[in-house]
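**Student:** Required output: the full structure, derived from the provided sequences and hints.
Residue strings, one per chain:
There are 2 protein chains.
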Amino acid sequence: MPTQLEIAMNTMIRIFHQYSCKEEDRFKLSKGELKMLLQRELTDFLLCQKDPQLVDKIMQDLDANKDNEVDFNEFVVMVAALTVACNDYFVEQLKKKGK
Amino acid sequence: MPTQLEIAMNTMIRIFHQYSCKEEDRFKLSKGELKMLLQRELTDFLLCQKDPQLVDKIMQDLDANKDNEVDFNEFVVMVAALTVACNDYFVEQLKKKGK
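These protein sequence lines are chains S and B, in that order. Note that the numbering used here gives residue 78 to position 78 of the first sequence, counting from 1, and the numbers run on in steps of one. Note that the numbering used here gives residue 94 to position 94 of the second sequence, counting from 1, and the numbers run on in steps of one.
Keep in mind that the hints were calculated from the coordinates and are not lab data. Some hints here could point you the wrong way.
Claimed, not checked - Short derived list, chain B residues pointing at chain S, Cβ under 8 Å:
no.	residue
1	Thr3
2	Glu6
3	Phe27
4	Leu42
5	Asn73
6	Val79
7	Leu82
8	Thr83
9	Val91
Quick reminder that beta carbons are idealized off the backbone N, C-alpha and C, glycines included.
**Tutor:** Here it is, written out as structure tokens:
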């Protein structure tokens, strides 16, 4: 019986491959696949971000590779960066409330 | 309605705070809290790893800070590293099967 954290890790792997297999290299996200993944899988989550440019900034960073593809490592770094940003916001709110 | 990826990201935040609030600094994991989190939340997942020393290596890396505490950023880096290792194994198996 997997734990919730293990299910979360499996979800990251599954979602990546669900989009990466659509076209070209099946183990990498093309720009189109990445955009589709962001729009469909991260819409609500990104709404809670204070920085509306966050996704654009991350996409620019990923583009720095200049191969126009995102491998699983880069994808996980992106998810980690977004999660840290959301945690920062959560902690800030908790501290404001004096909890 | 959050997506599965958003739920996965929320799970990482929730699990971290569930353990970090047990003692001392409530926004950081002490060594004891980290060990408890690894033992309770990552046991099954780690069993599928080919490298039995993986967790020890990650803990040593985290210890490099020498403050004996793990903040959320460090925790997410650890989860990301484990997820990449599991994905590598998954992709290797797929390629072996010629899929």
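**Student:** All hints are to be evaluated individually against the structure, with a verdict given for each.
**Tutor:** We went through each hint and held it up to the structure:
1. Thr3: holds (5 Å)
2. Glu6: Because about 4 Å separates glutamate 6 of chain B from the closest Cβ in chain S, which is inside the 8 Å limit, the hint holds.
3. Phe27: Phenylalanine 27 of chain B check passes; min Cβ-Cβ to chain S is 6 Å, inside 8 Å.
4. Leu42: holds (6 Å)
5. Asn73: holds (5 Å)
6. Val79: holds (7 Å)
7. Leu82: Since the shortest Cβ distance to chain S is 7 Å, the answer is holds.
8. Thr83: holds (5 Å)
9. Val91: holds (6 Å)
Hint check: no violations occur; every hint is consistent with the structure.
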